[in-house]
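Taken in order, these protein sequences are the chains called A and B. According to the working numbering, the stretch in the first sequence is residues 745 to 960, in order. According to the working numbering, the stretch in the second sequence is residues 409 to 819, in order.
These are calculated hints, taken from the structure and not from any lab test. Please note: incorrect hints may appear among the correct ones.
Stated by the list, open to error - With a cut-off of at most 27 Å between alpha-carbon atoms, the simulated BS3-like pairs for lysine-lysine come out as follows:
1) B:Lys558 / B:Lys803
2) A:Lys828 / B:Lys558
3) A:Lys828 / A:Lys758
4) A:Lys783 / A:Lys804
5) A:Lys783 / A:Lys896
6) B:Lys472 / B:Lys745
7) A:Lys753 / B:Lys446
8) A:Lys753 / B:Lys558
9) A:Lys927 / A:Lys758
10) B:Lys639 / B:Lys745
11) A:Lys753 / B:Lys681
12) A:Lys896 / A:Lys906
13) A:Lys828 / A:Lys794
14) A:Lys753 / B:Lys639
15) A:Lys804 / B:Lys808
16) A:Lys794 / A:Lys957
17) A:Lys828 / B:Lys808
18) B:Lys745 / A:Lys758
19) B:Lys803 / B:Lys523
20) B:Lys472 / A:Lys753
21) B:Lys745 / A:Lys957
22) A:Lys885 / A:Lys753
23) A:Lys758 / B:Lys638
24) A:Lys758 / B:Lys472
25) A:Lys794 / A:Lys804
26) A:Lys804 / B:Lys813
27) A:Lys860 / A:Lys896
28) B:Lys816 / B:Lys802
29) B:Lys523 / A:Lys896
30) A:Lys896 / B:Lys559
31) A:Lys758 / B:Lys498
32) A:Lys828 / B:Lys816
33) A:Lys758 / B:Lys808
34) A:Lys896 / A:Lys828
35) B:Lys816 / A:Lys804
36) A:Lys920 / A:Lys828
37) B:Lys498 / B:Lys709
38) B:Lys745 / A:Lys896
39) A:Lys804 / B:Lys755
40) A:Lys758 / A:Lys804
All figures in this text were calculated on a predicted structure; none of them were measured in a lab.
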Amino acid sequence: MAVFTRATKNLILKIDEFFDNIELGLLVFREGIKSYLEKDIEAFQRHIQKIEGLESNADKLQRAIENEMITHSILPQHREEVSKLLDQLDEIIDSLKSSLNEINTELPDIPSELNKDFISLTEVSANAAEELIPAARAYFKAPYTVREKLLKVFYFESETDKISLYIKRRIFQEMKDIDLAHKAHLRYIVHHIETISDLAQKAADLLAGMAIKIVM
Amino acid sequence: MILFFLTSGLFLGWSLGANDASNVFGSAVGSRMISFRKAAIIASVAVILGAVIQGAGAAQTLGKLGAVNAIGGSFTLALAAAVTIYVMTKFSLPVSTTQAIVGAIIGWNLFTGNKTDAGTLSKIVTTWISGPILGAAIAVPLYILINRIKKVSKIHLISFESYIRTGLIIVGAFGAYSLGANNIANVMGVFVPAFQLQPLNLGLFTLSSSQQLFLLGGMAIAVGILTYSKKVMETVGANIVELSSEAAMVVVLAQSIVLFIFSSSALSNLLIKIGLPPIPMVPVSSSQVIVGCIMGIGLYKGANNINFKLLGEITLGWITTPVMSGLLAFFSLFFIKNIFGIDVGHKVAEGSIGNDLVISAPDASMSGIMKYLLIGIIISGILVIIYFLLLERKKTRELKLSEEKFWKNIK
């Protein structure tokens with residue numbers, strides 16, 4: 745029985761740590777984008793290093809959680825869905841890391857008049873993913889509250905779509921002085937930031953279904 | 409020769425283990441909360457304890473239905489019931505051993521010209537109806553209570569499942585104990601009047617003649633659990649209704665309580681003391697009780713997810729089992745008596761059912777054989793359990809090593 749308790753406690757701690765990693769990753773991503781827009785390359789590099797550490801740790805935790813669930817036969821009926829949820833959350837932190845890395849590699853030239861819009865887009869898109877974490881934590885403790893928590897994810901995702909469309913329109917319709925390749929590159933960066941909220945919505949859809957199943 | 413006659417009872421015990429253990433651990437194994445091996449070992453030990461400690465009450469009631477007064481008759485009835493159960497188990501239908509043996513006893517009564525005691529029969533058949541209803545009546549409030557506790561306490565899902573798993577092991581052991589106590593009558597009840605042994609002193613305690621028979625029967629049930637119950641366990645757990653882990657625990661607990669109620673002489677005596685009517689000591693169909701519990705929860709949750717087709721198949725089995733067993737017993741008795749010339753019993757004088765038993769003096773040589781046989785089986789059983797535990801430990805250690813190797817390679 746002691747083995748059960750120890751395994752259970754370890755697993756709970758690992759799941760919490762995994763969620764902490766995603767939340768921290770979102771904070772670092774926000775700061776990373778801000779520092780790039782402010783041309784603070786030293787801080788930007790520091791954030792990239794930080795997010796790489798968090799992403800690698802999340803990967804390890806994800807594998808360990810899945811292994812422990814199988815080895816100790818924990819949550820046999822929900823294991824598959826929990827693994828899928830962790831996988832989708834891991835995709836979010838993967839996307840955060842790859843976005844910062846691509847910015848670091850391609851060094852896009854973002855016009856200063858778009859800075860405010862890019863910060864706003866980053867904030868809202870990261871908010872969508874951030875609101876997903878309390879809902880995911882609630883799945884384990886109070887599944888009845890999951891759906892109401894997920895409302896914010898869907899709200900921020902739709903806000904992200906609006907802002908991204910607004911930025912793209914500005915780039916292609918108002919900025920006549922930059923060439924088409926530059927415009928396409930900027931759209932590509934916008935798309936990268938927007939992807940975070942899309943991934944959050946995908947995970948939210950899964951989580952909503954999981955919550956219904958567990959409450960029924 | 410007498411030992412040979414016991415083999416049909418042991419075969420029936422094996423059938424009961426293969427079939428009815430699914431009612432105790434089926435929902436736990438089917439919902440993958442407990443591994444089959446762990447469930448089988450716990451159930452085997454508990455069922456033997458239940459049979460030996462508390463098996464006498466229900467066996468007496470079955471004796472009143474038809475006091476089989478020749479060992480050849482006991483052999484034939486147990487064989488007819490066992491074959492019936494085996495055929496049903498082959499089709500993965502959780503049928504009732506109680507109905508099979510009751511059908512066989514009625515077949516014996518018809519063959520020997522004995523009158524079936526309508527009072528006892530109606531008492532038994534009433535429990536076939538009241539058992540599932542009582543099971544559902546216990547299961548639904550328990551299910552509501554556990555869910556309420558889960559909601560209010562905001563316990564972590566993983567901790568909750570861990571507690572449920574521990575609960576399933578404890579409740580499963582209680583269920584197996586109750587199954588042994590209540591259903592051993594089906595396996596060895598027909599042998600008790602015609603089989604007399606000297607008390608067996610095992611140092612710490614002494615086993616009476618019937619307890620020795622119950623111990624043998626309990627062991628046969630255990631072998632049935634270990635060798636053949638996996639398939640039926642998966643049918644019960646996975647096919648009738650999608651069971652959540654807490655529902656699985658409630659179902660086993662409710663069923664165990666019902667079986668315990670119908671086999672506890674102490675509880676019955678307590679009710680008499682406080683001026684209430686006694687509880688009938690009747691072998692209850694665990695299959696019917698479990699289906700009642702599952703249906704109760706299913707109906708409470710909204711009956712959309714109940715597999716009515718399978719329930720229909722089970723209900724059909726309830727009718728066909730006693731009929732098939734009764735017919736098989738009747739014709740088998742005819743063959744055994746007329747072709748092999750073995751005494752299968754005779755008509756008992758009116759009004760003396762239960763008293764006109766052929767109670768021979770205890771056979772000393774037979775008691776000696778039984779003593780060494782039982783001790784040998786107990787020792788082998790303990791060795792098998794130790795072997796399985798070591799196997800489990802080895803598997804866990806191998807898993808741990810492969811985990812460590814995996815993480816070492818990742819680094």
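Hints, verified against the model:
1. B:Lys558 / B:Lys803: With Cα atoms ~33 Å apart, Lys558 (chain B) and Lys803 (chain B) exceed 27 Å; violated.
2. A:Lys828 / B:Lys558: Measuring from Cα to Cα gives roughly 24 Å; hence the hint holds.
3. A:Lys828 / A:Lys758: Cα-Cα ~16 Å, so holds.
4. A:Lys783 / A:Lys804: violated (33 Å)
5. A:Lys783 / A:Lys896: violated (32 Å)
6. B:Lys472 / B:Lys745: holds (23 Å)
7. A:Lys753 / B:Lys446: holds (23 Å)
8. A:Lys753 / B:Lys558: Holds, because 18 Å separates the two Cα atoms, which is no more than 27 Å.
9. A:Lys927 / A:Lys758: violated (43 Å)
10. B:Lys639 / B:Lys745: Given pair Lys639 (chain B), Lys745 (chain B) is violated - Cα atoms ~37 Å apart, limit 27 Å.
11. A:Lys753 / B:Lys681: At roughly 48 Å apart (the allowed maximum being 27 Å), Lys681 (chain B) and Lys753 (chain A) break the hint.
12. A:Lys896 / A:Lys906: Answer holds: Lys896 (chain A) to Lys906 (chain A) is near 15 Å, not above 27 Å.
13. A:Lys828 / A:Lys794: holds (25 Å)
14. A:Lys753 / B:Lys639: violated (33 Å)
15. A:Lys804 / B:Lys808: holds (17 Å)
16. A:Lys794 / A:Lys957: Cα-Cα ~37 Å, so violated.
17. A:Lys828 / B:Lys808: holds (24 Å)
18. B:Lys745 / A:Lys758: Roughly 70 Å between the alpha carbons, so the hint for Lys745 (chain B) and Lys758 (chain A) is violated.
19. B:Lys803 / B:Lys523: violated (57 Å)
20. B:Lys472 / A:Lys753: It is violated: about 55 Å lies between the C-alpha atoms, which goes past 27 Å.
21. B:Lys745 / A:Lys957: Answer violated: Lys745 (chain B) to Lys957 (chain A) is near 60 Å, above 27 Å.
22. A:Lys885 / A:Lys753: holds (14 Å)
23. A:Lys758 / B:Lys638: Not OK: Lys758 (chain A) and Lys638 (chain B) at ~34 Å, beyond 27 Å, violated.
24. A:Lys758 / B:Lys472: violated (61 Å)
25. A:Lys794 / A:Lys804: Given pair Lys794 (chain A), Lys804 (chain A) holds - Cα atoms ~16 Å apart, limit 27 Å.
26. A:Lys804 / B:Lys813: holds (14 Å)
27. A:Lys860 / A:Lys896: Holds. Lys860 (chain A) to Lys896 (chain A) sits at ~23 Å (cutoff 27 Å).
28. B:Lys816 / B:Lys802: With a Cα-Cα distance of about 21 Å, the restraint between Lys816 (chain B) and Lys802 (chain B) holds, given a limit of 27 Å.
29. B:Lys523 / A:Lys896: violated (75 Å)
30. A:Lys896 / B:Lys559: Roughly 23 Å separates the two Cα atoms, so the pair holds.
31. A:Lys758 / B:Lys498: violated (45 Å)
32. A:Lys828 / B:Lys816: Since the Cα atoms of Lys828 (chain A) and Lys816 (chain B) sit roughly 25 Å apart, the hinted pair holds (cutoff 27 Å).
33. A:Lys758 / B:Lys808: holds (18 Å)
34. A:Lys896 / A:Lys828: holds (21 Å)
35. B:Lys816 / A:Lys804: holds (12 Å)
36. A:Lys920 / A:Lys828: violated (45 Å)
37. B:Lys498 / B:Lys709: violated (31 Å)
38. B:Lys745 / A:Lys896: violated (81 Å)
39. A:Lys804 / B:Lys755: At roughly 77 Å apart (the allowed maximum being 27 Å), Lys755 (chain B) and Lys804 (chain A) break the hint.
40. A:Lys758 / A:Lys804: holds (10 Å)
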